[in-house]
Amino acid sequence: MTSEIVKYVPFQSTVDPSFWMKLAEHKLNDLKLSEEPIEVYATYTIKSNIKLRAEDASSTTVTTSTAFTSGRMRLDQDSIVLPDASREHLDFPNNVIQTVGKVKILNTIESFKTIKKNDLLNECCLPSLLQACGIEDTNNDKENLDALTSFFCLCHLDLKTHKNVYWFAFPVLTPATGKSIRFDESIAKEEVMTSLKQSMSEDALTSLHKAVYMMRLQQWQEQQTTGHPPFWIIFTNDEGEYQCLTLSFANYDGLSEDEKKRCKFAFLDPTSTQNNDFAIMPIPVGWTLRNLIAYLVLKLGLADGIDIISFRPSVIRRIDDESTFTFDANTDDLSYLLKIQLPSKEDYQWNSPSGGTRYNTMGWELNARNKPGPRSVNLAPQLEPSHLAQQAS
Amino acid sequence: RAREWATPTLKDSAFLQRGVLTPEEFVKAGDELVYRCPTWTWESGDPKKAKKYLPKDKQFLVTRSVPCPTRVSTLENSVAVGEEDTAQIEDECGGDDWLISKVISPEEQERRMDKKIEEEFDILDEDGETLESDMKNLKIEKPENESVEVAEAEDDEYADMEEFEDEDVLEDEAVVAAPNAVSTNENIVKVRTYDLSITYDKYYQTPRVYILGYASSDSSQPLTGEEMFQDVMSDYANRTVTIDPHPHLRGQYASIHPCQHGAVMKTIVKNLTKAASDGDESKPPSVEMYLFIFLKFISSIIPTINYDFTMDVTASTQ
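Those sequence lines, one after another, are chains F and C.
So for the first sequence, my numbering puts the first residue at 1; every next one is plus one.
So for the second sequence, my numbering puts the first residue at 1; every next one is plus one.
The set of hints was computed from the structure by calculation and includes no laboratory data.
Heads up, the beta-carbon is just placed ideally off N, CA and C, and yes, glycines get one too.
It cannot be assumed that every hint is accurate.
Stated by the list, open to error - Using 20 angstroms as the maximum straight-line C-alpha spacing, the simulated EDC-like pairs for lysine to aspartate or glutamate come out as follows:
| id | chain 1 | residue 1 | chain 2 | residue 2 |
| --- | --- | --- | --- | --- |
| 1 | F | K7 | C | E173 |
| 2 | F | K371 | C | E163 |
| 3 | C | K56 | F | E322 |
| 4 | F | K113 | C | E165 |
| 5 | C | K58 | F | D321 |
| 6 | F | K260 | F | D238 |
Unchecked claim - Sample of chain C residues lacking proximity to chain F, with all beta carbon distances greater than 10 angstroms (derived):
| id | residue |
| --- | --- |
| 7 | T9 |
| 8 | D12 |
| 9 | E25 |
| 10 | E32 |
| 11 | P38 |
| 12 | K51 |
| 13 | S73 |
| 14 | S277 |
Bound conformation, chain F alone (with noise of 0.2 angstroms):
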C-alpha cells in the first residue's frame, strides 16, 4: 500500500496598490519599452493568531469558517528599488522573510495573452533554483538559496486606465508527473504528521522554540542577513538541547556524522491555523516545503525518510536589544512534524517532449474563481484626478 502524497497551500499575492504605482513610474522613466524581467522584493510570514473582539464573534464566522487560510506573498512600494535610489534603507523587519522575485511587464495585452506560461517560467526562474539545488555551476562559498521562496510576475500595466492586469507564480521544483512526494510509508499513517505537542515534551518543545530563537538573535547582531530565515537545521548537542543553524551546505556539510543521521529540518510555515486539533490527517502544509525538499535531495544528496517541521508559532516577535526569549507551550505553537519519504534524484526528470529529460518548474497562482488566469486591479480610484478633485472638494 503506498501512503498518502503531501499537500500544499499555494501562497496567495498580496499587492498594494503603492506597489504598482511605483511600478508605472519605473516603466515610464527608466525601464520604458523594456521587456526584461526586473528583480524586486516581497515579504511572507505567519498570521498571527488573532482574538477578533468579542462583540463580533458572530459576524466573524465567514471568515474563520475554513480550517486554514494561505500564506500571502506581500509586495508594497519597498519591493521595487530604483535605480538611483541606494539599497541602504531595505531593512526589512526581522519578523518576516524577505524574498527576491522578478516582475516581467509585457507592452501588449495581446502578448500577455499568447505568451506561452510553462516556458516563460522555466526560461526565467528555473536557472535560478537549479543553481540554489546545486545541479548548475555549484560553488559552494556563494550558496545563494533565495530562488528556493522566490515569485515570479507578469504583468501588463495600462498606463492610461490604469488597469492593470497581472499573474503571479511561486515556482517550485517538482518531481514528474506521478512522483509526487509522500509520506513516509514505514510510519503509520496516523503518525505521518503529528502536532510537535503530541510528539514532543513540554521541555522539549521550550528548548526548540529558545533554540529558534537564539538562532535568529545571533543572525540579527551578526547583521549578516535580515528577515527571519525561511529554512533551518534542528539537531541536538551533547546535554540534549536543540539547536538550529539556518539552512544552507556549509553548515549541513560542519555536522558530525552523528548529528547528520538525528537532524530534522524545518521551515517556516505561512499557511496558519485557529487550531491543531484536526479530525483529518495529514493536512497541507505550506509551499515553500517543496523546494525544501527538492533541495535536501539535489543538493544534500539526502534519502529515504526523513523528518520536517512545518514550523507554524503562533505570534513571531521582532528581535531588537531588548527582547527577550518567552514562551508558553500550551499556547504558543502551532507546529507538527511530518515524516516525509525524500524522493530520488531521478523523480525530478522530466521526459522532455523533444526526447531526453529535463528538469520542471509550476507554480503559476490560480485566480479568483480558482481557475489558472492572470488578476486585475483597477488604479483609478487611487489615481484619477477626477476623483481625487471630487473627493477634495
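Using the hints, position chain C against chain F.
Relative to the frame of chain F, chain C by itself:
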C-alpha cells in the same frame, strides 16, 4: 503640512491634562500595542517621508487584512431592532411573539445612535454635556444600498479576465485550492478587508488613523473613497473622515481627522481617573494605555472593521 512644520514638537507630557501625546509617548504607547496585540507592527515607510522626531523604524503602526464583514448601514438600521426596542414593542403589543418592523425617522435613528455612542463612552465635557451635541447638527445620510452595484462591477471584472485564462498551465495533484479563494458559488460572501495605520500627527499631537480597504480578502483591488465611506458611521463620513494621501506611503487613504481626538481622549482619561479616585481597583490610565483607549474610541467611528486591540479598557463612568 505647513502648520505641522511650524508647530514645535511637544516636549512635556500633557496626556492627562489635554489628552495629547509627545512623540516619545506615542512610541511608548505603540510599543505596548505591538507587544499586546502582535497583529500590529511598526513600519518605517518611505525614508524620504520619515519624521525626524520619531525613530527611523518606528514611524507608524500597521495592521493588515482586517476583516470588515458588514457595511455600517446594516448596523445603523439594526439600531431599530435593538433588544430594548423588542421588549418595548412586546409590551405595547401585549407580549405577542411577533415583531413590527418599526419605521424610524432619521431623527430618531440619529438620537439612538448618539445614545449608543454615549453609552459606550459617556463622553462628557466639563458641563456634563455630551460632546456629541456638535454632531446633532449634522444630517444623517440615507444609507444607500450600493452593495448590489459593487457586486455586479466585480463580476464584470472577472468576466473580463476569463478570456485570459490558460488551460495549458501545468497544475499538479499535490496542490490544494487556496481556501480563501472566492468560490464560483454565488452565495459566498466576499469579505472586505482593511489595512489600518496609526501615524503621529505633530500639529494635533495625537495619533491619526488612515485606512485603506480592499474588495475582498482574496483581492488586491483597493476600494474607492465612496466604498470606504460605507464602512464609516454616516455621521462621520465626508466630515471628520476624508480621503487623504498617506504621510508615509503612496496612495489615497480614508483618514479620521484628529481635531477632536485630544478632547475626546482627555474626557475618557478624566473619567477613567475619576473612577480610580472613586475607589475602584484600577489605577489612572498610563500613557501605555493610550492607544488601546484610542482604538476603542476609533472603533465607534468604524465599528464594522474588526481590528485587534484586545485589552480590558473600561471607559464608562458616570
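Taking the hints in turn, this is what the structure says about them:
{"no.": "1", "hint": "F/K7 with C/E173", "in the structure": "holds (8 angstroms)"}
{"no.": "2", "hint": "F/K371 with C/E163", "in the structure": "holds (11 angstroms)"}
{"no.": "3", "hint": "C/K56 with F/E322", "in the structure": "holds (17 angstroms)"}
{"no.": "4", "hint": "F/K113 with C/E165", "in the structure": "holds (8 angstroms)"}
{"no.": "5", "hint": "C/K58 with F/D321", "in the structure": "holds (15 angstroms)"}
{"no.": "6", "hint": "F/K260 with F/D238", "in the structure": "holds (14 angstroms)"}
{"no.": "7", "hint": "T9", "in the structure": "holds (23 angstroms)"}
{"no.": "8", "hint": "D12", "in the structure": "holds (25 angstroms)"}
{"no.": "9", "hint": "E25", "in the structure": "holds (18 angstroms)"}
{"no.": "10", "hint": "E32", "in the structure": "holds (13 angstroms)"}
{"no.": "11", "hint": "P38", "in the structure": "violated (4 angstroms)"}
{"no.": "12", "hint": "K51", "in the structure": "holds (15 angstroms)"}
{"no.": "13", "hint": "S73", "in the structure": "holds (14 angstroms)"}
{"no.": "14", "hint": "S277", "in the structure": "holds (29 angstroms)"}
Hint 11 from the list above is the single one not met by this structure.
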